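Peer 1: In case you want the letters, here they are:
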Amino acid sequence: MSEQIKKIVIVGGGTAGWMAASTLSHMLSGMDCDIKLIESEQIGTVGVGEATIPPILLFNEMLGIDENLFVKETQATFKLGIEFVNWKKIGHSYIHPFGDFGVTFDVRPFHQHWLNQRSKGYGRDLFDYSLMVQACHKKKFMRPLRDQPKSALAGINYAFQFDASLYAKFLRQYSEKRGVERIEGKIESVAQHPETGYIESVTTDDKRTFDADLFIDCSGFRGLLIEQTLKTGYEDWSKWLPCDRAVAIPCEKIAEPIPYTRATAHEAGWQWRIPLQHRTGNGHVYCSQYMDSDKATDILLENLDGKPIADPNHLRFTTGHRKKFWNKNVIALGLAAGFMEPLESTSIHLVQTGLARIMSHFPNKGFVQADIDSFNERTLYEYERVRDFLVLHYNLTERDDSEFWRYCQNIERPETLDRKIEQFAGHGRILENGNDLFGTASWLAVMYGQGITPKYYDPITDQADPQKVNAVMEQIFSAISNGADSMPRHFDFIKENCLTL
Amino acid sequence: MNQLRRIIIIGDSIEAWLPAAYLRARLPSDDYQITLIETAENSIANNGDILARPTSKNLHHTIETAEHELGSKAKARPALCAAITNDKGATINLPFGNYGVDREGTEFQHLWKFSGSEKPLSEFNLALVMHKASLFIPEAPKGAPAYDYGYILDEQGYKNILKSKANAKHIMADTLSVKHGVHGIDEIICNDISHCADLYIDARNIDYETAWQNNHLKIIGGFDAFDHQSGMRLHRIQMAMERLFKLWPDREFAAIEIAEYNRLEAAQSVHMKDMNLLLQQNVQGCSDALTRKIKLFESRGRIAIEDFEIYSKAEWIAALSAMGIVAQNYDRLAHRIDAIALAQWVEQLHAAIANVVKQLSDRKTRKH
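Residue numbers (this note's numbering), protein chains in the order written: chain Y, 1 to 501; chain B, 1 to 368.
It is possible that some hints are incorrect.
In silico BS3-like pairs for lysine-lysine, Cα to Cα no more than 27 Å straight-line [as the list claims (entries may be wrong)]:
#, chain 1, residue 1, chain 2, residue 2
1, B, Lys295, Y, Lys328
2, B, Lys358, Y, Lys365
3, Y, Lys138, Y, Lys455
4, Y, Lys365, B, Lys367
5, Y, Lys468, Y, Lys307
6, Y, Lys455, B, Lys246
7, Y, Lys365, Y, Lys207
8, Y, Lys36, Y, Lys177
9, Y, Lys150, Y, Lys6
10, B, Lys295, Y, Lys323
11, Y, Lys365, Y, Lys120
12, Y, Lys120, B, Lys163
13, Y, Lys6, B, Lys113
14, Y, Lys253, Y, Lys231
15, B, Lys132, B, Lys246
16, Y, Lys139, Y, Lys120
17, B, Lys132, B, Lys119
18, Y, Lys7, B, Lys295
19, B, Lys73, B, Lys163
20, Y, Lys6, B, Lys295
21, B, Lys358, B, Lys73
22, Y, Lys328, Y, Lys295
23, Y, Lys328, Y, Lys207
24, B, Lys113, B, Lys358
25, B, Lys73, B, Lys295
26, Y, Lys150, B, Lys57
27, Y, Lys120, Y, Lys7
28, B, Lys73, Y, Lys7
29, B, Lys246, Y, Lys468
30, Y, Lys207, Y, Lys36
Since the hints were made in silico from the structure, they are not lab data.
In this text, all values refer to a predicted model and were calculated from it rather than measured experimentally.
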């Protein structure tokens, strides 16, 4: 196998850049491959992706990272779900939990039995059957009891909320230990092959030139290589996700951190609140067509839990993605690849899956087009599924208190989303495709949370004896409720295991 | 809710009796009436033997049919692969087991290629090797390439099993006519008597284009030599029933659910058609997915798995290799393992497989 990739240059640090560096240095260790990461301290990182979803555990595991150490080093907290406040209507809230509702029985999903019971006047709410929701309300957390598969506590599913800049620093240490060379500098020029257009080298402002076989573009929104150099083009998804600005500001923490992220809908967007060990991350994502930056900043400042500890950081973006995520010998990751607001904490996850795809399509210098096409198709498929899930939150609203929300109510849904909603609205069915990121429990939480009540339930559930079903559901509720009660408080768990000193 | 209670199934082969047995198992309540109208019109020929793929174990679990029952009543013999003879007379074996053993997240075909082994890849597939030697054990020994197995069944015996499980009202039709109306089938006139149902499952050999319309669900295809040899004949009936049960309708027959059923049916048909074209060594008119699959395999031996995939990676490798497509390269992650150590390990694995086969052959000879 000649023509191996021998040199990789990652352009840009930040979360995406250092995730790429750590993954590549780990996976390609001992393979005679030189990896350099070029970043400039003068260029700030966006760092809004501070909340994650459960697959991040696989990423850490793949790298062999000690979880307690990772939590300490990044001032992290644990996360069991996302609370959506004022999305359905003002004053309403629900939690999208990580993990299932109840347990499947009588060959039908739990929620179908619940819908059936509910049609007969049975009173408990769906969210009462989620261990993660109950734990969120009680501010509890512990790791799952994997060695006790019959316990309700075996099903705990979690992710992290962390300081993105500390995460980048943590991964930088990891990468440098494995041979990644960090280059301080701003990229001033890019050289392309005169015929193929492939990138040959980049030159920094201090006139150092770095050539490579493969370039990973983690340069953020501007897409230094993928867009500014290769003119790949951008697919604009604003018609589905119209927010195009954000203002971010951290504040002092005021209470013990809670094990969930909160997303509060406002007049023309929404506000995130991510509790960390040492501070709380906040931001206001909004649509500039309906709100100016001063008002957006005022709303954010009025809704902070504590005193601001930095100046507001204003960001502009266009929701969408590059027409090709991999173009010639450049692969874009993170904001350079595309942007979708962090409503469901997917930013870091998309970097993670992008890296997994790079590894499963790893090229040699020949850059086979079939590999590139496959990478691009699969990445686009994933972006589209995330897009659908985000649009769902906006589109299924009863809010009509502003122009923005009236627009959202009338968004023309992508066909794939429309099908999903119609299927649920009928018999409460949620049918997964093979490669969906968000599973049944996630769709159920948000579709029900946003106010869809299926017209019917699955007819098959009528076969079961309703009294027996009722008894089973009560048992499930008790197991979940007792399980949540028995968990330690979230902050106590941190103090016990992984408090940042 | 307007529950669907009465089901009429029309046909006379396993295409009819399998749905009857499956639905009886899933809908055990007496509230559900299942009637099977057996008609010789548009009959599906009995082929003597039928291949049940490993996935049929789920089906047999559902209809409470144990392996020994398949053995005693349907002369079940284990099948480690689907042996398909194409139009050119070549036989291609699609294995129900893996090629070699993956290591450190890298699939074996890449490790094999990197190791430079001169042994053919097929010799690292225990299912194929045992099939070739007419040997069988239900489970691969520890450390050997994993496999599963299906069955070759006597079709008539199998049909009798399904009949006994179906416990359906059975009508032999001397004459049969189907009356269609605006909302699908209105009634069936059988032996001059009218029969009505909420749902009609049509398992006759009729070339329908759409699988499900209103109250009329058809068991589509599965009647040609490829379907028969590949095990798709039984598999697609099983899939149809599992899909139907997942989307079990009420008498309103929601269009969105029928559309979903048809979408999944179509996706499945595309995979089957692609595999058939590949095995016939004529991929003209194949789907984009197969074109992609071929190119990806050609470049680096990778197998792309699509949504609602039917065939395993090993089956695709066997089919692509049979077509003469050779991977030009391999996944570089194979280099994570030291080349010399890898080459030794690959040879050891080959020897271990040969040893399994030898032991089984010796045992067979002694028994004989």
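Peer 1: Decide, hint by hint, whether the structure agrees.
Peer 2: To see whether the hints hold, each was checked on the structure:
Distance hint between B:Lys295 and Y:Lys328 is fulfilled; the C-alpha atoms sit about 17 Å from each other, no more than 27 Å. Note on B:Lys358 and Y:Lys365: the hinted pairing is violated, with a Cα-Cα distance of about 44 Å set against a maximum of 27 Å. A hinted pair counts as satisfied when its Cα atoms are at most 27 Å apart, and Y:Lys138 with Y:Lys455 does not qualify at roughly 32 Å. At roughly 56 Å between alpha-carbon atoms, Y:Lys365 and B:Lys367 are farther apart than 27 Å, so this suggested pair is violated.
For the proposed pair Y:Lys468 and Y:Lys307, the alpha carbon gap of about 53 Å is over 27 Å, so the pair is violated. A hinted pair counts as satisfied when its Cα atoms are at most 27 Å apart, and Y:Lys455 with B:Lys246 qualifies at roughly 17 Å. For the proposed pair Y:Lys365 and Y:Lys207, the alpha carbon gap of about 26 Å is at most 27 Å, so the pair holds. This hinted pair checks out: Y:Lys36 and Y:Lys177 have alpha carbons roughly 13 Å apart, not beyond 27 Å.
The hinted pair formed by Y:Lys150 and Y:Lys6 fails the criterion: a straight-line CA distance of about 49 Å is larger than 27 Å. Only pairs whose Cα atoms come within 27 Å are accepted, and B:Lys295 paired with Y:Lys323 is accepted, the gap being roughly 21 Å. With a C-alpha separation of about 64 Å, the suggested pair Y:Lys365 and Y:Lys120 falls outside the 27 Å cut-off, and the hint is violated. For the hint pairing Y:Lys120 with B:Lys163, the CA-to-CA distance comes to about 37 Å; that exceeds 27 Å, so the pair is violated.
Under the criterion of a C-alpha separation no larger than 27 Å, the hint pairing Y:Lys6 with B:Lys113 is consistent with the structure, at around 20 Å. Among the hinted pairs, Y:Lys253 with Y:Lys231 is inconsistent with the structure: their alpha-carbon atoms are about 43 Å apart, more than 27 Å. A threshold of 27 Å between alpha carbons decides the hint, and for B:Lys132 with B:Lys246 the separation of about 39 Å lies outside it, so the pair is violated. Restraint check for Y:Lys139 and Y:Lys120: not satisfied, since their Cα atoms lie roughly 33 Å apart, outside the 27 Å limit.
A hinted pair counts as satisfied when its Cα atoms are at most 27 Å apart, and B:Lys132 with B:Lys119 qualifies at roughly 16 Å. Annotation: proposed proximity of Y:Lys7 to B:Lys295 holds, straight-line Cα distance about 26 Å (limit 27 Å). Pair hint B:Lys73 plus B:Lys163 holds up; C-alpha atoms about 12 Å apart against a cutoff of 27 Å. At most 27 Å may separate the alpha-carbon atoms for a hinted pair to count; Y:Lys6 and B:Lys295 meet this at roughly 24 Å.
Using a Cα cut-off of 27 Å, the hinted pair B:Lys358 and B:Lys73 is violated, with the two alpha carbons roughly 32 Å apart. Distance check on the hinted pair: Y:Lys328 and Y:Lys295 sit about 43 Å apart at the alpha-carbon level, beyond 27 Å; violated. The straight-line distance between the Cα atoms of Y:Lys328 and Y:Lys207 is roughly 25 Å, inside the 27 Å bound, and the hint therefore holds. A C-alpha spacing of about 26 Å is found between B:Lys113 and B:Lys358, which places the hinted pair at or below 27 Å, so the restraint holds.
Simply put, B:Lys73 and B:Lys295 have alpha-carbon atoms about 45 Å apart, too far for the 27 Å limit, and the pair is violated. For the hint pairing Y:Lys150 with B:Lys57, the CA-to-CA distance comes to about 26 Å; that is within 27 Å, so the pair holds. For the suggested pair Y:Lys120 and Y:Lys7, the alpha carbons sit about 65 Å apart, so the restraint of at most 27 Å is broken. A hinted pair counts as satisfied when its Cα atoms are at most 27 Å apart, and B:Lys73 with Y:Lys7 does not qualify at roughly 64 Å.
Of the supplied pair hints, the one linking B:Lys246 and Y:Lys468 holds, its CA atoms being roughly 22 Å apart against a limit of 27 Å. Between Y:Lys207 and Y:Lys36, the direct Cα distance comes to roughly 16 Å. Compliance with the 27 Å bound is thereby established for this hinted pair.
Consistency with the previously given hints fails for numbers 2, 3, 4, 5, 9, 11, 12, 14, 15, 16, 21, 22, 25, 27 and 28, ordered from lowest to highest.
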